[in-house]
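In order, the protein sequence lines correspond to chains A and B. Be aware that the first sequence starts at 20, since it is given in our numbering, and climbs by one per residue. Be aware that the second sequence starts at 20, since it is given in our numbering, and climbs by one per residue.
Incorrect hints may have been included.
Copies of one chain are not kept apart here, so a pair can be met inside one copy or by any two copies together.
[Unchecked claim] Restricting the straight-line Cα-Cα distance to at most 30 angstroms, the calculated cross-link-like pairs of lysine-lysine (BS3-like) are:
{"id": "1", "residue 1": "K155", "residue 2": "K145"}
{"id": "2", "residue 1": "K124", "residue 2": "K155"}
{"id": "3", "residue 1": "K74", "residue 2": "K124"}
{"id": "4", "residue 1": "K145", "residue 2": "K159"}
{"id": "5", "residue 1": "K74", "residue 2": "K145"}
Read the hints as simulated data drawn from the structure, not as lab findings.
Number of protein chains: 2
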Amino acid sequence: MRQKKGRHTGTDSRRRDIVNAALNCFSEIGFSETSMEDIRRHSGASTGSIYHHFKSKEQLAAEVYIEGIHNYQEGIIDALAGCEDAREGIFALISHHLRWMEENKEWSRFLFQKRHSVFMASAEEKIAVMNSEFGKNISKFFLRHIHAGTIRALPSDIIISLVFGPCMEFTRQYFSGHSCTAVDEAVRQVSEAVWRALAGNGEAV
Amino acid sequence: MRQKKGRHTGTDSRRRDIVNAALNCFSEIGFSETSMEDIRRHSGASTGSIYHHFKSKEQLAAEVYIEGIHNYQEGIIDALAGCEDAREGIFALISHHLRWMEENKEWSRFLFQKRHSVFMASAEEKIAVMNSEFGKNISKFFLRHIHAGTIRALPSDIIISLVFGPCMEFTRQYFSGHSCTAVDEAVRQVSEAVWRALAGNGEAV
DNA sequence: TAATATACTAGAATAATATTCTAGTCAAGG
DNA sequence: CCTTGACTAGAATATTATTCTAGTATATTA
Numbered sequence: 020m021r022q023k024k025g026r027h028t029g030t031d032s033r034r035r036d037i038v039n040a041a042l043n044c045f046s047e048i049g050f051s052e053t054s055m056e057d058i059r060r061h062s063g064a065s066t067g068s069i070y071h072h073f074k075s076k077e078q079l080a081a082e083v084y085i086e087g088i089h090n091y092q093e094g095i096i097d098a099l100a101g102c103e104d105a106r107e108g109i110f111a112l113i114s115h116h117l118r119w120m121e122e123n124k125e126w127s128r129f130l131f132q133k134r135h136s137v138f139m140a141s142a143e144e145k146i147a148v149m150n151s152e153f154g155k156n157i158s159k160f161f162l163r164h165i166h167a168g169t170i171r172a173l174p175s176d177i178i179i180s181l182v183f184g185p186c187m188e189f190t191r192q193y194f195s196g197h198s199c200t201a202v203d204e205a206v207r208q209v210s211e212a213v214w215r216a217l218a219g220n221g222e223a224v
Numbered sequence: 020m021r022q023k024k025g026r027h028t029g030t031d032s033r034r035r036d037i038v039n040a041a042l043n044c045f046s047e048i049g050f051s052e053t054s055m056e057d058i059r060r061h062s063g064a065s066t067g068s069i070y071h072h073f074k075s076k077e078q079l080a081a082e083v084y085i086e087g088i089h090n091y092q093e094g095i096i097d098a099l100a101g102c103e104d105a106r107e108g109i110f111a112l113i114s115h116h117l118r119w120m121e122e123n124k125e126w127s128r129f130l131f132q133k134r135h136s137v138f139m140a141s142a143e144e145k146i147a148v149m150n151s152e153f154g155k156n157i158s159k160f161f162l163r164h165i166h167a168g169t170i171r172a173l174p175s176d177i178i179i180s181l182v183f184g185p186c187m188e189f190t191r192q193y194f195s196g197h198s199c200t201a202v203d204e205a206v207r208q209v210s211e212a213v214w215r216a217l218a219g220n221g222e223a224v
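All chains should be modelled from the sequences, with the hints used to inform the complete structure.
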């Protein structure tokens, strides 16, 4: 199948193998618990090869994290972009979060279970930029609606807490087996509740 | 001050030194980043002494975690116990979370930043029991009010998500320097919003 | 075609760090 | 005293991340 020695065929395929193996291991047994030996075995790469592609275990994890968070954030922004209506936007946002979580279990476990963990150090900057961009995008939507009076005038950190907090918490419960509500239903209930929390005067259901 | 050799004076004082040092290190630089050597230096204990008191680094972290979470949960339950009124209860709960966080920064950083992390493995069971008890207690309050119609009939996992999610998310932002609202104000705003999300028909402000 | 450069790979060697082991020391009770 | 048991110290060991050395294959150039 694969050559015993020498350059691996295909563009970056060895690199991808390593990233995939890493995601597998990290989401399955956690960052600290997976040894480079695990990743080596799962990916079929050698120690040297792994360290050729990635500076360290930390940096490898950061790369995996960034790929995931980018995909996630992009989806949210797209979902939001298609919505003029405030209520629809909130629904779209929450819906995207919960469905993305369900369809990308491996990523989610890794991204949300261990947010701000260990390996972040090395990617701090890049992640900060991403989050900042993401925040700006999200804020644009909410500011527009605060201006229009469709959403109550609350500080941005409070709005973020009210919107993403429940999503994150549900995600956590989902993965620890403590959630009893199906995702479809959770989308409806959480959206409805968050809308009540945020809706401007005269807009509440 | 301390004897060069032999038993440390005072009841369990050496043990406490180790726990305190560990909390310090963990909350400051994270679990994986702190080496046993760090804990040894900070606590003044020897390697052997640490391993006499704790089976492993993991188990030490678990002990620290459990002490913290116990204190936190106890406070919430007490806060809730004093409240007949639904709205008051929600306010008390959120208020306790955010104030506890502010008054116990070191614990919070450790508890909330790395929830469900690594070392949990060894304490899984004990933590599961604590959380289950805690959940039951919290649920009692909400079920009573759902029954009375003062709070909307939502599944328990959704309620937990709506109440604790925003608290957790605000906490995360607070520690990563992304919160712009003062804790006092956050208590008011989040409580108000969560109340809107949960209030039974005819109870909304 | 052959020489060379580039990108990659392998696996052994090293370094860092968690854990175990051996030999104690002290305080209390008989 | 002497013995026991809780505790401590620090060296020895084991585990695991990282570095190093020596390659191999493919593309490029002459």
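Practice problem: Classify it for me, K124 with K155: is the Cα-Cα distance of at most 30 angstroms met within a copy, between copies, both or neither? | Solution: Both ways: K124 and K155 sit 27 angstroms apart in one copy and 28 angstroms across, limit 30 angstroms.
Exercise. Measure nothing new, just compare the shortest in-copy and cross-copy C-alpha distances for K155 and K145 to 30 angstroms and report within, between, both or neither.
Key: within (15 angstroms within a copy, 41 angstroms between copies)
Quiz item: How would you label the pair K145, K159 (within, between, both, or neither) given a Cα cut-off of 30 angstroms?
Solution: Result: close within a single copy only, 21 angstroms intra versus 44 angstroms inter.
Exercise. Using 30 angstroms as the alpha carbon limit, work out where K74 and K124 are close: within a copy, between copies, both or neither.
Key: within (27 angstroms within a copy, 33 angstroms between copies)
Quiz prompt | 30 angstroms Cα threshold - placement of K145 relative to K74 | solution = Classified as within; 16 angstroms inside a copy, 38 angstroms across copies.
In summary, this structure violates none of the numbered hints.
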